[in-house]
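From first to last, the protein sequence lines stand for chains G and Y.
When you line the first sequence up against our numbering, it's residues 969 to 1511, in that order.
When you line the second sequence up against our numbering, it's residues 951 to 1328, in that order.
Worth flagging that the hints you see were computed from the coordinates, not collected in a lab.
C-beta: ideal position from N, C-alpha, C; glycine also.
Keep in mind that a hint or two might mislead.
Claimed, not checked - Dumping the calculated DSS-like pairs for lysine-lysine here, alpha-carbon to alpha-carbon at most 27 Å:
| # | chain 1 | residue 1 | chain 2 | residue 2 |
| --- | --- | --- | --- | --- |
| 1 | Y | K1009 | G | K1385 |
| 2 | Y | K1233 | G | K1151 |
| 3 | Y | K1034 | G | K1385 |
To be verified - From chain Y, some residues computed to sit far from chain G (all C-beta separations above 12 Å):
| # | residue |
| --- | --- |
| 4 | L966 |
| 5 | E1013 |
| 6 | A1039 |
| 7 | M1093 |
| 8 | G1142 |
| 9 | G1162 |
| 10 | R1212 |
| 11 | A1224 |
| 12 | A1232 |
| 13 | N1248 |
| 14 | A1304 |
| 15 | Y1318 |
In case you want the letters, here they are:
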Amino acid sequence: MRARIRLATAACVAGVATLGVASTALGNVTHAQDQAPPILNNALADGNTVVGQRVVGGTIFENLFTANSQGRNVALLATKVPSGSDIRLRGRNFSVRFSIQPAARWSDGRPVTADDVIFTWRTYTNPNNQVSSRTGWEEIRSITKQGAKNFTVNFKRPYAPWQEIFSIGGGSYLFPRHILQGKDFNTVWNNGPSAGAPFVGSGPYVLASYTADEQAVLRPNTRYWRTPKPRAGTITHNFVGSTTTAVVQLRTGESNLITPPPSFDLFPQIRAIANTRLQSRSAASWEQLAFNVQAAPLNDRAVRQAIAYAIDRKGVTTDLLGGQVSRLDSALVPLQFGYKPSFAKYTYQPERAKQILRQAGWTQGSDGIFSKGGQRLSLTVKTTAGNVARQRNIQYWTVKARAAGVELVYTPEPASKLFGGTLTNGDYQVANFAFSGSFDPSLTSILVGRQIPTQANDFSGQNYYRYAGADALLNASDEAVDTTRRRQLLGQIQDRLANDVPFLPLYARPNTVAHNRSIAGPDVNPTQAEIYWNVNRWVTGRS
Amino acid sequence: MIAYALRRLLIQLPILLVFSFVMYLVLFHAADPKARLQQIPGARAEDIQRIIEQQGLDKTWYEGYWGWLGDFVQGDWGASFSNKAVGAATLIWDRLPATLELMLVSLLLSILIAAPIGIYSALRRYTPFDYATTAFSYIGFAMPTFLLGLLLQMFAIWSQQNGWAVIPFTIGLILVLATVTTLLKPQRSSRGIAITAGVGFVLIWMSLAFWGSFGGDGQLIFKTAGRFTDAANGSMFSVDHLQHLALPVITLAVVNIAAWSRYQRSATIDVLSADYLRTARAKGLPERTVIGRHALRNALLPLITIVAIDIGFAFSGAVVTETVFGWPGIGRLLYDAALDGDITVAMGVIMLGAFMIVVFNLIADLAYAIADPRIRLA
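Using the sequences provided together with the hints, build the complete structure.
So this is what it looks like as structure tokens:
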């Protein structure tokens, strides 16, 4: 009873009003993850995994901002998200002034300073470091200090997605200069601490033990600088090998939290587990049908528009996915800044599709399928083999599209082949896969001309579409630091995409968490900040 | 014998070389490490291109193979593609104890169960016991490993709420049913049948009478994944570890027992009709001596070969079982390496497995020769 009173008092003091759980003692979080991170340094290309992000992101490592459950950046190590006079734009000179929280310190007690920010920038841009992405970091020309805790970031050009660089939501963190300087960043933290380099972060938890492929245990950081301080016990990540086993562990109570992939067959099973809460929220990763615009017949915009009317996108979300996701009508998801549902006009209208095709010179054959110049409108839809949801969706659309005179042929391929050759070589007509972008609405990483796979870039990139003026418009939106101007440009881009239909957005994939109700506080996050973004506010008790 | 062993190993070297070539080619195309880079969130073409150059992923398959082979024959297994801080050999070496423990315990359990079942089935051919073990073998053969693993996990969940008295109850029921069907044959009445029936009835009675004492209070008896609850401080001799070990061991053992008991049954039947046993009986030796001293030694020979070869396979791990039960062994390492396009690690695991299979094949031959003096190695 006394423990219960103590806990309730602590919760009230901390301002947490909605515990919703009759806690009798502080408990631990045991998180069954379906895969193991290859390494613990999530900044490296080899370590940039969602699993790794969940282990270290927001728990051990922090950044100046984090993203909240609505995807908006909120101050973390910074005193505030810079605005007004903190942001200066003179011609093409763009700079942002930051202040670090006076109390912010690393888990070894050393203060977090501007030197750590400068070190982090240099780490990301060091040509020897095999970081996963330098997006944004290489836009920085210099960082000037104004004291230990204040600094100004000077960009090479106006750069609208600047917040993403300094946010856990963008998948990056600050690193401690006093620990990592002079160390080989490609190896030093791959397996947690190494000789002379303790695994020091500024987050509410520290790494207690790590056994590769098996388990990572985090314990509260007793020196955590922010309030509320962590009130849950340890966080144990068990890497159990499969989603099915993770769900089994939630049922047996071996784990009390899982983060299953967006597998819609799994959700009813999880909801059936007693005392369990399932949350999901659309992330900036979305399913799409990509059209090969460089080869007939999909090089004809009219054909692409007709197919957009022949695909029943809403039907899939209601009939197959049980209304757990909504149809997506843009290259952005609704929570993202600048979202405009430009694709909303493409509802399932087979007659409209037929009309467009006839106007484009196609004639309907005796089998109901259109043809032109001896070529039937029969399109292969390539996708990743073994993905049951995609298989069902395509089979559903195949039946529906036939009513519009379009034949779709489901063609599965191993993921390694689809992403390792088929798409980059343009060896497809229609492909179903997911685009994963940043939560900042910048679309240059997927749509700008230099992302088109070519010999010059080793056939990297995922862009297979180019239209006149695209680069100018996309780059202009990336440079529009004025939010009104940026929203306007993003709207133009989305309208243009909906008109040209280089791809058809289907639905956003959700980030998902299921947890025992004895844990109060998890609030699923749509960004790379993932589930532990507010872990210092979690309270665990016996269910 | 040493010369024979060396000759055998030398003969296998070209085969291992060809095998490594084929496997590298398959992995290079099936587990393209570049495909993994395409799936990094927000990675742009310039990032992917940079990483490809930094990590030397732009090599052709023959450049990659030649480089790997050159290092491998000198004892350098190369750095892991996905963890530059450790070599492939270290990763494999770290996972080897977990795999060997799992495989050897299941092998031992399988031998201890399969050999008596096979021998007894052969001695009591066409009895209910023989039919029951035959049926079990067919089910064991036909059951995919992942399905069996899942069923066992489901049983763990069920037993958590309902207890595990169902196990002795089922065994008791089988024993009683077996004796009932045996009694239908008039000449089959014996003290053994009475004992079997008695044991069966006792098990059924105990299960029903004390059902609530066999768990079912929400405590989990069998852990469904991992090796320890606390991996950093876990002890191999703890109850916790046994709870983790049970289900994967049973999964592997069921398959082994299904196969080996049939081999053992066939081998025993062959031996039972041999001339030397007829001679032994004609000399007036008691049946127990005929079977125990003369038949069993020869009947166990084929099983020695099979077990020795399977020990070799143990070094490759059990990919499916380790994945289903989150067992941190070689099999799961291979699975992850293939998914991540980590060719050096995958090749290390594959070549270790191939080499050990060669070695244990040789050991099987040598053991066979020792056990059976009629065999001469040439």
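Each hint, compared with the structure:
1. For the suggested pair K1009(Y) and K1385(G), the alpha carbons sit about 18 Å apart, so the restraint of at most 27 Å is met.
2. The hinted pair formed by K1233(Y) and K1151(G) fails the criterion: a straight-line CA distance of about 82 Å is larger than 27 Å.
3. Among the hinted pairs, K1034(Y) with K1385(G) is consistent with the structure: their alpha-carbon atoms are about 25 Å apart, no more than 27 Å.
4. Residue-level check passed: L966(Y) sits 26 Å from the nearest beta carbon of chain G, beyond 12 Å.
5. Listed as outside the interface, E1013(Y) is consistent with that label: its C-beta sits roughly 15 Å from the nearest C-beta of chain G, beyond the 12 Å cut-off.
6. The claim that A1039(Y) lies off the interface holds: its Cβ sits roughly 15 Å from the closest Cβ of chain G, which is beyond the 12 Å cut-off.
7. Against the 12 Å criterion, M1093(Y) stays outside the reach of chain G, whose nearest CB is about 17 Å from its own CB.
8. Look at G1142(Y): its CB is around 41 Å from the nearest CB on chain G, clear of 12 Å, so calling it non-interface holds up.
9. Listed as outside the interface, G1162(Y) is consistent with that label: its C-beta sits roughly 20 Å from the nearest C-beta of chain G, beyond the 12 Å cut-off.
10. No Cβ of chain G approaches the Cβ of R1212(Y) within 12 Å, the least distance being about 31 Å, so the stated non-interface status holds.
11. Consistency note on A1224(Y): stated as away from chain G, and its beta-carbon is indeed over 12 Å from all of that chain's, at 48 Å minimum.
12. No Cβ of chain G approaches the Cβ of A1232(Y) within 12 Å, the least distance being about 59 Å, so the stated non-interface status holds.
13. Every Cβ of chain G is farther than 12 Å from the Cβ of N1248(Y); the closest lies at roughly 43 Å, confirming the non-interface assignment.
14. Under the 12 Å C-beta cut-off, the non-interface status given to A1304(Y) relative to chain G holds; the minimum distance is some 23 Å.
15. Remark: the non-interface label on Y1318(Y) is consistent with the geometry, its nearest Cβ contact in chain G lying 37 Å away (cut-off 12 Å).
Going down the numbered hints, you'll see the structure goes against just number 2.
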